[in-house]
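There are 2 protein chains.
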Amino acid sequence: MQQITSRENPLVKEYIRLGASARHRAGQGLFVLEGARLAADALDSGARLRAAFFETGVLERHAALVRRIQAQKIPVYGLTAPVAAKMAATQTPQGIFCIAEILDKALSLDKISIYGAYLAVEAVQDPGNIGAMLRSAEALGVDGVLLSPGCADIWSPKVVRASMGAVFRLKVYELQDFCGTLRALRAQGMKTLAATADAGADDLTREPLSGGIVACVGNEGAGLSAGCLSVCDKRVTIRMKGRAESLNAAAAAAILMWEIEKQR
Amino acid sequence: MQQITSRENPLVKEYIRLGASARHRAGQGLFVLEGARLAADALDSGARLRAAFFETGVLERHAALVRRIQAQKIPVYGLTAPVAAKMAATQTPQGIFCIAEILDKALSLDKISIYGAYLAVEAVQDPGNIGAMLRSAEALGVDGVLLSPGCADIWSPKVVRASMGAVFRLKVYELQDFCGTLRALRAQGMKTLAATADAGADDLTREPLSGGIVACVGNEGAGLSAGCLSVCDKRVTIRMKGRAESLNAAAAAAILMWEIEKQR
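Those protein sequences? They're chains C and S, same order as listed. For the first sequence, my numbering gives the first residue as -3, with consecutive numbering after it. For the second sequence, my numbering gives the first residue as -3, with consecutive numbering after it.
Hints in this document: simulated from the structure, not taken from any laboratory. These figures come from a predicted structure and were not determined experimentally. Don't be surprised by glycine CBs; every beta carbon is placed ideally from N, CA and C. Please note that a few of the clues may not be correct.
[Stated by the list, open to error] Where chain S lies over chain C, by a calculated footprint (3+ residues, C-beta under 8 Å):
id, stretch
1, 73 to 84
2, 134 to 145
[Unchecked claim] Below, in silico cross-link-like pairs of lysine-lysine (BS3-like), each with a Cα-Cα straight-line distance of 25 Å or less:
id, chain 1, residue 1, chain 2, residue 2
3, C, K82, C, K154
4, S, K107, C, K237
5, S, K258, C, K230
6, S, K237, S, K107
7, C, K82, S, K82
8, C, K187, S, K101
9, S, K258, C, K82
10, S, K237, C, K167
11, S, K230, C, K258
12, S, K258, C, K258
13, S, K187, C, K237
14, S, K82, C, K237
15, S, K154, C, K154
16, S, K107, S, K167
17, C, K154, C, K101
18, S, K237, C, K107
19, C, K154, S, K107
20, S, K237, C, K101
21, C, K237, S, K237
22, S, K258, C, K237
23, S, K237, C, K258
24, S, K258, S, K107
Construct the complete structure from the given sequences, taking the supplied hints into account.
What follows is the structure, encoded as structure tokens:
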């Protein structure tokens, strides 16, 4: 196993650059992930690793994972502690890092089942929120997530981590024309719901939510755009007893998906 | 108005230290906040500011807020752009910063209404999760939140920000003896629910949730401790169709509080 002892090693620098730049990730078709669980999740989901890095002191504890990676002819590098510390982006680093190929999420829209349930997310910029939404979507069993331009890059380290690997497994549609797609799905008979903090909107709990459905949530501050609101056939709100406009986007999405899945 | 032009100014250093250290915040009885909305929220909630800092370029746009602060005889400082950049901890800084007195949250437990609904949080360490829980608790209308030792400090800048000021307004009980308090509340007739990812637990949607209730959620990785589980009178789970154990703590808490509030 080759050892990396310099923090200026080109592979280390490439790892850090991939973590920092969405443009570089897109150009290279690569992303990075950290930790034993995400590495195993990635392998389980058929993601192809390009390289794996283990701090020397943790090699023994993670021997099974190392063997699994090496069995796929993927190069594994040993790291000194200072190099591992430079690469770490989590609060409690495990000393395990991978470079992996971005999974092909260019899913054709005709893969959307008009009888399914989907979350559609417009311009949510916080990677933690996007990651949490993907995680909740998978946990609650929706069929997929549609993302507008302007959402956080799903291959950013924070999204991958917050999603707990759901990004590997879930159907995620990165749309160029968000409103146009919603309009097309509505024309095919899907119910299109716009979640809003507007107290005048219909109460979510009184809404029939069965059948093919697309539930839209908007940007953290601005909510859904006028364009998206105009193509949805219904506005719904999570009726709140406390201060209005106060649920964050990920919490609102979780409650929305929960109510939809309860009726399916 | 006094101008601060040096990044080494003692007040600037104190601001940064208060943001970084829970111990220093507790010792001084002070916390920091950033942005016009949080500053106004703090004033609305009766928090006492010790000092306010405005980047010189934004003074005019926020003249009403500046006047409101100065009317309370609170010193307002002008900042050069490099000083403001040093103090900023948000992604899109507004150039507005305050040092404020920690609100007295040492609420007596006899203030807990045994007919109310409370969220109890054990050892949730991520400030974003604690902040999101406080925000959802306020939005959904629960009566208060009980926090165990080991939860993220509610006065950390990330909690204050993620809570969108809910931390100023909500009843938050920082408990020394988490399990003992739960036991006492149960003895007084409150229903004590332990939320768990254990598929063998009772389905949340089949549970009567009216009346006095304390709903407990646990640590991001480990869930609730054995001690807490043993003092609760019921274990409930959010039945999931996707992968088990996959909702994050804040999403699970939002769904839990949503179901409770629907039944009240």
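Taking the hints in turn, this is what the structure says about them:
1. 73 to 84: Not satisfied, violated; 0 residues make the cut.
2. 134 to 145: Holds, because 4 residues of the stretch 134 to 145 of chain C bring their Cβ atoms closer than 8 Å to Cβ atoms of chain S.
3. K82/C x K154/C: At roughly 17 Å apart (the allowed maximum being 25 Å), K154/C and K82/C satisfy the hint.
4. K107/S x K237/C: Cα-Cα ~21 Å, so holds.
5. K258/S x K230/C: Roughly 22 Å separates the two Cα atoms, so the pair holds.
6. K237/S x K107/S: violated, 39 Å
7. K82/C x K82/S: holds, 23 Å
8. K187/C x K101/S: Violated, at roughly 45 Å.
9. K258/S x K82/C: Since the Cα atoms of K258/S and K82/C sit roughly 48 Å apart, the hinted pair is violated (cutoff 25 Å).
10. K237/S x K167/C: Within the cut-off at roughly 15 Å; holds.
11. K230/S x K258/C: Holds: K230/S and K258/C sit about 22 Å apart, inside 25 Å.
12. K258/S x K258/C: holds, 14 Å
13. K187/S x K237/C: holds, 21 Å
14. K82/S x K237/C: Roughly 39 Å separates the two Cα atoms, so the pair is violated.
15. K154/S x K154/C: holds, 16 Å
16. K107/S x K167/S: The given pair, whose Cα atoms are some 10 Å apart, holds under the 25 Å limit.
17. K154/C x K101/C: holds, 18 Å
18. K237/S x K107/C: holds, 21 Å
19. K154/C x K107/S: violated, 40 Å
20. K237/S x K101/C: holds, 22 Å
21. K237/C x K237/S: violated, 29 Å
22. K258/S x K237/C: Status holds; Cα separation ~10 Å.
23. K237/S x K258/C: holds, 10 Å
24. K258/S x K107/S: With Cα atoms ~24 Å apart, K258/S and K107/S stay inside 25 Å; holds.
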